Amino acid sequence: MTASSSLSVPQLTDDLSTPPLTLGQLGWLRFRRHKMALFGGVTLILLLIFSIGGAFKYAEKYANFNDTAQRLKPPSVEHPFGTDSIGRDILARTIYGGQISLFIGFMAVLIETILGILVGAVAGYYGGAVDAILMRITEALLNIPTIFLLLVMAKFFGGKIPEIHIGARAFSGSVVVIVVIIGATSWMYLARIVRAEFLSWKEREFVLAARATGTSNLEIIFLHILPNTIAPIIVSSTLSVANAILAESYISFLGMGVQEPTATWGNMLDKSAKYLDTAPWLWFFPGMLILLTTLSINFVGDGLRDALDPRSRAI
Amino acid sequence: MFQFVIRRLLQGVVLLLILSIALFLLMMNLGDPIATMGSGRALTRPEDRARLTRQLGLDKPIAVQYLYWLAGNDWTKVDSDGDGVPDKNGTRVGIVRGDFGTSLVTRKPVSEMIGERIPNTLILMVASEIITIVFALVIGIYSALRQYSVLDNFLTTLLFIGYSMPVFFVSLMSMYIFAVLFKKWGLPYLPTVGMFDPQIGKTLTQVLWHMVLPVTSLSVIYFAAYSRYIRSTMLEVMSQDYIRTARSKGLPRRQVVYVHALKNAALPIVTVIGLDLPFLLGGAVVTERIFAWPGMGRLFLDHLSRADVSVVMGILMLVAVAVVIFQIITDIFYAWLDPRIRYN
Chain A
2 MTASSSLSVP
12 QLTDDLSTPP
22 LTLGQLGWLR
32 FRRHKMALFG
42 GVTLILLLIF
52 SIGGAFKYAE
62 KYANFNDTAQ
72 RLKPPSVEHP
82 FGTDSIGRDI
92 LARTIYGGQI
102 SLFIGFMAVL
112 IETILGILVG
122 AVAGYYGGAV
132 DAILMRITEA
142 LLNIPTIFLL
152 LVMAKFFGGK
162 IPEIHIGARA
172 FSGSVVVIVV
182 IIGATSWMYL
192 ARIVRAEFLS
202 WKEREFVLAA
212 RATGTSNLEI
222 IFLHILPNTI
232 APIIVSSTLS
242 VANAILAESY
252 ISFLGMGVQE
262 PTATWGNMLD
272 KSAKYLDTAP
282 WLWFFPGMLI
292 LLTTLSINFV
302 GDGLRDALDP
312 RSRAI
Chain B
16 MFQFVIRRLL
26 QGVVLLLILS
36 IALFLLMMNL
46 GDPIATMGSG
56 RALTRPEDRA
66 RLTRQLGLDK
76 PIAVQYLYWL
86 AGNDWTKVDS
96 DGDGVPDKNG
106 TRVGIVRGDF
116 GTSLVTRKPV
126 SEMIGERIPN
136 TLILMVASEI
146 ITIVFALVIG
156 IYSALRQYSV
166 LDNFLTTLLF
176 IGYSMPVFFV
186 SLMSMYIFAV
196 LFKKWGLPYL
206 PTVGMFDPQI
216 GKTLTQVLWH
226 MVLPVTSLSV
236 IYFAAYSRYI
246 RSTMLEVMSQ
256 DYIRTARSKG
266 LPRRQVVYVH
276 ALKNAALPIV
286 TVIGLDLPFL
296 LGGAVVTERI
306 FAWPGMGRLF
316 LDHLSRADVS
326 VVMGILMLVA
336 VAVVIFQIIT
346 DIFYAWLDPR
356 IRYN
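Sequence order for the protein chains is A and B. Quick note: the first sequence, position 203, residue 204 per my numbering, numbers continuous. Quick note: the second sequence, position 53, residue 68 per my numbering, numbers continuous.
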């Protein structure tokens, strides 16, 4: 050893003296190379600042305040995004609508991820009859276009939950309904990904070792196997946030989503098609915000895939 | 192969049965169909409501309603005059024997209503699917062959935007630009709503003219997803050893790309298209609504809001059956394209 170390290139010893990078640092290095992902991340932060910070400038009362004398006013200094058909300020409504749209996006994905992991992990780990039943249910749900399922479920659960009060603010109960139904109709792809991961990981030696030492099935699933499958789950969930926000905007656009006066970007667009030629600002601003949000989330998701899960293919 | 098809068909039947039960349960809380039926004549007297409920069989337990919907009620006595006593044999033969039931709103057979809408939906969806596939192949292959070129980077970014675009935003933007602004500027402008101008009638040119905007909007959305997919499969195939071999033995580039690479890249692409096709039958709910296109998606929306169970169930089951059949066709096609695949 001593002989060879005296021969070694100084550069090499320098390299070894710096501590190796952690997985997180490696991921960040790869993520940083993806310029569009960085752009998406920054835009997403700006959008969050817009919808949370904006609330300090405009009170929620102002967002719901209607003045029919001010209806359908084009963008001006007083109303930068113009006013809607009953004279509400669109800028203020996009701020509060953004809070709800983003909230729905993230919460629906939380439900989706929990359901997807549970179904996928149980089906993949236990196999056999459990797997067959769970996968048939998954396939049955995939047989119907999601938008149809969403609309039927929105109608089924619609108008049942009373208003929710958090602090001084009141939210339409339909927000919760929409979160639940989007979560409940979108877990199938994730469940398939998780199942496929579990099918391969459960054959590894460390699982055998864990079983031999008497570890319970639950512990093997959640503590031993699940941490290995986290990269594809993170990537898929990130991309799902964009889909959840789109899904909310579709059902709200069709008038079956979140009910007024609670604003979302989607329900602000509902009925705005009627003012297509006379008041384009009605649909332009909320539509543009939805596009920016989904675009930046997709960029971030793409970057995360390159960073965390480089083996998988971008589709 | 024959055994494989039979097995898949049997699995499909079980799948459809489970699905129909789940959907039928969801149908039971859509609202009061009696409140919205007929042409505006509200039933005010409670005894009329009760009579109608019995006549329509809506007083029966949900399991019985499902059974009648599934297998018909011609084998049992039903209460045809609504007096509370079952008197005549039913007339429905159930969806398994091809009877989709009768719409509560229009009192017309559901199969007839769906039959009227299917052609409208299909011309819209098939046109956009064909345009999508052709353009996606051109762009996808070009991008893959010139990976990281300026045009590829530009196209990839543009596709990403299209992929993230909500369909209603594309529709509203295109309507605003090509109908509203063009009209304002005195240019020839496109029609925005409907399938034809009622004053001119349903002529071929009218329908084609009205199709331009909805087909463009739909194509933008599908196109982005498809060409991204084609680009990545082509990239993967182009890095394979047999492509290098084909190149090194001096085959023309054209032949390498379109024969060796594309044929292998076609496998996953065919799967995606095959699985997407049946969904075209359901139409594009949002697009049809925006452009007031009289297709299946709008039929679904209109009758869902009026709790018209037989129409809504009919459309959902039609799509589900199409999905099952197309999955089997895709599998067979896949085996034909790739002889290595054997179904046993």
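Honestly, the hints are just simulated from the structure, not real lab data. You may find that some hints are simply not true.
Claimed, not checked - Taking beta-carbon pairs under 10 angstroms as the criterion, some of the chain B residues facing chain A (in silico):
1) M188
2) L205
3) T207
4) V338
Just so we're clear, the structure is a prediction, and the values are computed from it rather than from any experiment. Note that CB positions come from ideal geometry on N, CA and C, so glycine has one too.
(request) State the violated hints by number, sorted upward, taking the hints as numbered earlier in the document. (result) Violated hint: only 2; rest satisfied.
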